[in-house]
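2 protein chains.
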Amino acid sequence: MPAPRHRRAGATSRERLFSAAAGEFAARGFAGASVDRIARAARVNKAMIYYHFASKAALYRDILRDMFEAVATRVGETARSGMDPADKIRAFVEAIAVEAEARPHFPPIWFREVAEGGRHLDARTTGHITSIIRALGTIIAEGVATKHFRPVNPLLVHGAIVGPLLLYFASGGVRNRLGHRGVTGAVRLDRPTVVAHVQRVALGALESSGHE
Amino acid sequence: MPAPRHRRAGATSRERLFSAAAGEFAARGFAGASVDRIARAARVNKAMIYYHFASKAALYRDILRDMFEAVATRVGETARSGMDPADKIRAFVEAIAVEAEARPHFPPIWFREVAEGGRHLDARTTGHITSIIRALGTIIAEGVATKHFRPVNPLLVHGAIVGPLLLYFASGGVRNRLGHRGVTGAVRLDRPTVVAHVQRVALGALESSGHE
DNA sequence: GTCTATAAATAGATAGAC
DNA sequence: GTCTATCTATTTATAGAC
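Going down the list, the sequences are from chains A and B. Those letters in the first sequence? Residues 27 to 238, per our numbering, in order. Those letters in the second sequence? Residues 27 to 238, per our numbering, in order.
Just so you know, not all the hints are guaranteed correct.
Identical copies carry no separate label here, and so any pair may be met within one copy or between two of them.
[To be verified] Computed list of lysine to any residue pairs in SDA-like fashion (alpha-carbon distance at most 20 angstroms, straight line): (1) Lys82 x Ala53; (2) Lys82 x Ser60; (3) Lys82 x Gly58; (4) Lys82 x Ala57; (5) Lys82 x Arg54; (6) Lys72 x Asp62.
Rather than coming from a laboratory, the hints here were simulated on the basis of the structure.
Take these sequences, add in the hints, and give me the full structure.
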């Protein structure tokens, strides 16, 4: 199940469908996505979807799995690297940001799947998600052992990192709509600012020299 | 446009439709929601939807507006209260949490609408959203003036608060699915822990005695 | 692997009686 | 305000030719 290469002319029909479907699911959600539109966007006959995939749901599940497999791989490498704990936290944040940028469909699809209660997550995908959280837990435990961090539930830290990052990457459309009305002065956010802020916030939550 | 009372037997057909639709949109998204199912859940004839609302889209827009109106009102009161800036930030976090709990459909619907690029937000609703962010900006400016906070883009702080909170309230289903597989030790998170963590994180981002 | 044609179900919306 | 009946379009999916 390799990640689909970008929409090159030479991409296989399966790759073209995969990539077109990711865009369609991101923009319209699982129920809102139409296999007709996916096929049209991929410039492939609709029947080919059912040649390559068992169903619309199976195609969607494959896209979910591909997303989390990529993140789990990258995050696992970070956790096993030689950096000190604080840099590993920074790298974890950066890894999510890199993956969200490389696959623009990732943040909206994940938000939508959360809203669906994770109905479409198969066993392999929940395994990837678990391994992402476990990697973060390992980094935190390491920092606690070296007295750099205080012990914090990894899910809390995960939420404080992934929540704001996904919100930023998925909310371009909404921020545009707010900006159009000229109401908020500072609707401009850029990626480095957001990533730096999330890194700061995550480390702030973990610092053993905490207040409170 | 009053908030729908809970599904009492005596509720008007409009209120019943409103409340049933909120649940349906939260669970299935705008495209996935079916007016037939909404009518059935509300125990009301389908034609009544078109008697009370211009269309499925208009009904959905009303639900969005109702959500953000409630949050904007509560947050505005917080900003105008007599608390000191740090307590106002804590109250802001609490306000989002209270509203998310009072309307369980709010977090999933908001995630989905973000993914849709805010297509269904009308002018009044974007106005409410803007006023929420402006209220937060006012609180921050106040803290900066009294030397308690450093200046931070309100949108960054907003993301660091709303992202994790919505993720927590919307992700019960996903967390259950991870927990079922027994993989993550500590999938248990409770509301007070999450709210306290988000409050701590938000204040950490604003503290003028910052590192870095 | 790729296509056409089509089945079968469901969608949003409305007309019109009461 | 509430109902039945219905129109029209679109949906996922498949059968079968090439």
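Results of checking the hints against the structure:
Both within a single protomer and between protomers do Lys82 and Ala53 lie at most 20 angstroms apart by alpha-carbon distance, with minima of 15 angstroms and 19 angstroms respectively. Taking CA atoms no more than 20 angstroms apart as the test, Lys82 paired with Ser60 passes in both settings, with 9 angstroms inside one copy and 19 angstroms between copies. For a Cα distance limit of 20 angstroms, the shortest separation of Lys82 from Gly58 qualifies both inside one copy, at 11 angstroms, and across copies, at 14 angstroms. Taking the shortest Cα distances, Lys82 and Ala57 sit within 20 angstroms of each other both inside one copy (10 angstroms) and across copies (15 angstroms).
For the identical chains of this complex, Lys82 and Arg54 are neighbours both inside a copy (14 angstroms) and across copies (16 angstroms), given an alpha-carbon limit of 20 angstroms. Taking the shortest Cα distances, Lys72 and Asp62 sit within 20 angstroms of each other inside one copy (6 angstroms), while across copies they are farther apart (28 angstroms).
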